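2 protein chains.
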Amino acid sequence: MFTVLHTDPNCAGRVGRLELPHGLVDTPAFLPVGTQGTVKGVTPAQLRDVGAQMLLANTYHLALRPGEDVVEQAGGLNKFMAWDGPLLTDSGGYQVFSLAELNRVDEDGVTFRSHIDGDEIRLTPERSIAIQNALGADVIMAFDDCAPYPAPRDKVEVAVEHTRRWAERSLAAHRREDQVLLGIVQGGIYEDLRRRSAAGITALGFPGYAIGGVSVGESPEEMRTVAATVCPLLPEDRIRYLMGVGEPVDLVDMVVLGVDLFDCVTPTRHARNASLYIEGGLVKIRNQRYRKDFGPLEVGCDCYTCQNFSRAYLRHLYLRGEILASVLGTIHNLTFYQRLTASLRQAVRDGTLLELQRTYRQKIPRDPR
Amino acid sequence: MFTVLHTDPNCAGRVGRLELPHGLVDTPAFLPVGTQGTVKGVTPAQLRDVGAQMLLANTYHLALRPGEDVVEQAGGLNKFMAWDGPLLTDSGGYQVFSLAELNRVDEDGVTFRSHIDGDEIRLTPERSIAIQNALGADVIMAFDDCAPYPAPRDKVEVAVEHTRRWAERSLAAHRREDQVLLGIVQGGIYEDLRRRSAAGITALGFPGYAIGGVSVGESPEEMRTVAATVCPLLPEDRIRYLMGVGEPVDLVDMVVLGVDLFDCVTPTRHARNASLYIEGGLVKIRNQRYRKDFGPLEVGCDCYTCQNFSRAYLRHLYLRGEILASVLGTIHNLTFYQRLTASLRQAVRDGTLLELQRTYRQKIPRDPR
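Chains as they are written, first to last, in our numbering: chain V, 50 to 418; chain C, 50 to 418.
None of these hints come from the bench; they were simulated from the model. Since the model is a prediction, treat every value here as computed from it, not as a measurement. Where hints are given, some of them may not hold.
BS3-like mimics (lysine-lysine), calculated; alpha carbons at most 25 angstroms apart, straight line [unchecked claim]:
hint, chain 1, residue 1, chain 2, residue 2
1, C, Lys128, V, Lys333
2, V, Lys128, C, Lys341
3, V, Lys341, C, Lys128
4, V, Lys333, V, Lys412
5, C, Lys333, V, Lys128
6, C, Lys333, C, Lys204
With the Cβ distance kept under 7 angstroms, some of the chain V side facing chain C (calculated, not the full set) [stated by the list, open to error]:
hint, residue
7, Thr87
8, Gly90
9, Pro115
10, Ala131
11, Thr274
12, Leu373
13, Ser375
Glycine is no exception: its CB is placed at the ideal position from the N, C-alpha and C atoms.
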């Protein structure tokens, strides 16, 4: 399923190939987020054009609307959303803990109220896996307990224990051999709890592992410490997925630590908010300075947006609130991310990943926000 | 510039070819509306795919934002919006009378306040043509006085007189031989005023003529009377453009009367509001009945939307407010309109336009709204 093809001799960075029922994925890979079964603003054809190989969709959202029964009867999520490449669904756990009005976590699962209509819903490992089996993504995730940030140690300790037991039940509930089920390591920013969680989850023998509970409000340094703690504890021959990460600099830093897969709403959300990535940082395209800037958004970029439109036109579209602004911005930002992961793969092959990391921080500073 | 290729022996319907600097247009033709220099939700590549040959953009909007200086310095509207086919700009008159806070119409022109920021702006025939010369569309329009509906006869009479004198001044102000300037006939629903306006405008010898002041609230019967009155008064060898029209049934009826060109926001606006055209009427795709309808929106339609997505998926996208809903709906509705004009052209060639008209009213009833 996953093969490591190259490792950088100077760090933990590696290049691999993920073989899934709907196709191959070159890693390190970034998965655009298609929360509702659509990457906001772009068609599957445009996603192919930007080079995306695999997408993520959210179990929580799709289970609420349109309902996994609709997706299943449509022939599965690939067919429903007309994406013929690999897909990953999350377990729904993160959204339950972040979006829903949370009622009660118990040993067995979570009872919550839908953020859409307030309906009371019960999610357990068995239910999450059943939904994910119905959705039919190539890769699915164990149901986990994602503690918030900050959270007291005893609360995170409970979440780690839930996550381990729920992982075991997720494995037992999984019914489809054509889907890969990944385990999730929790533990917040507590290094010993991360180690405990990694030991407990890897003991279950998943075909691959995710690091969850990051990108929930912790600092970049804390996130780096988490990945640096967990990655060495994961089997080298299994895929490693850092959930919900991140900015371009995060991808660089985390690939150095040995992460293979990422997903994040950042490039697509930024695109809708008129923040566009170029080497050198974020272009706030609504700025007056671009009013008569007739050059492309990013010189040398081969995306549809940069090949056809000027900064002045993009600025105009964003200021007028035109749909096409989000479309063109999303195409560019996703292309930027795909170019970044391609350059990371090349750097690993060349053994120059640490050099890339050193120069990258100057080229693309962290978004101050 | 315009050649009539076929006429239907049983009515005034005709097929023609419009030759413009940016390409050929087969008439009868429907122009998708790109108000702000973008047809809402779709890329130029997608517009080509749906078969659109020519687009309309609005002088009023583009003059306010980003300003015609920006568009001109970008290399003209084609280059600015990355559309390499023919373009038409209106005169701005209609928007001044419908959108702007109108201050004063006088013999010389109109003073109004921008609907965006309240700035006081002066529009005259000379100014409208100068803006349209700067924007650089293949076809531009004389500056006219568009009376509202309903309007008392004396008010419409003044508008007709303004429109004639402003047409003369528009001709005199026009500076670019590569742009075709069309005259506009006004006169509201008063048949004698329509005849007077047609006589006055055609006497000026424009290369083509528009019927303005329709689609402003009058009934379909009143609009039909206007077109039936004016069309026979226009030279047979010149293009005839019915501005702001219309629904599919309107296109059929008006082609029968001898109209060649149409533009309307209906297909694109309907698409954003989840009203999708099929033979048989409008599909209100949000309806519960489509929840598990896994067939295409329209069987036999070759558009990207119908070839790839189900009604159930489209319903889901619209209910979630996803951008892709507007994109896919717009692609389909524009394809539907292009297919309609193609079938009208074929019917003229076959001499069966009146038959098509008879059957069409049952197939696509007027949207009740």
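Run the structure past the numbered hints and jot down the numbers of the failing ones, going up.
6 and 11
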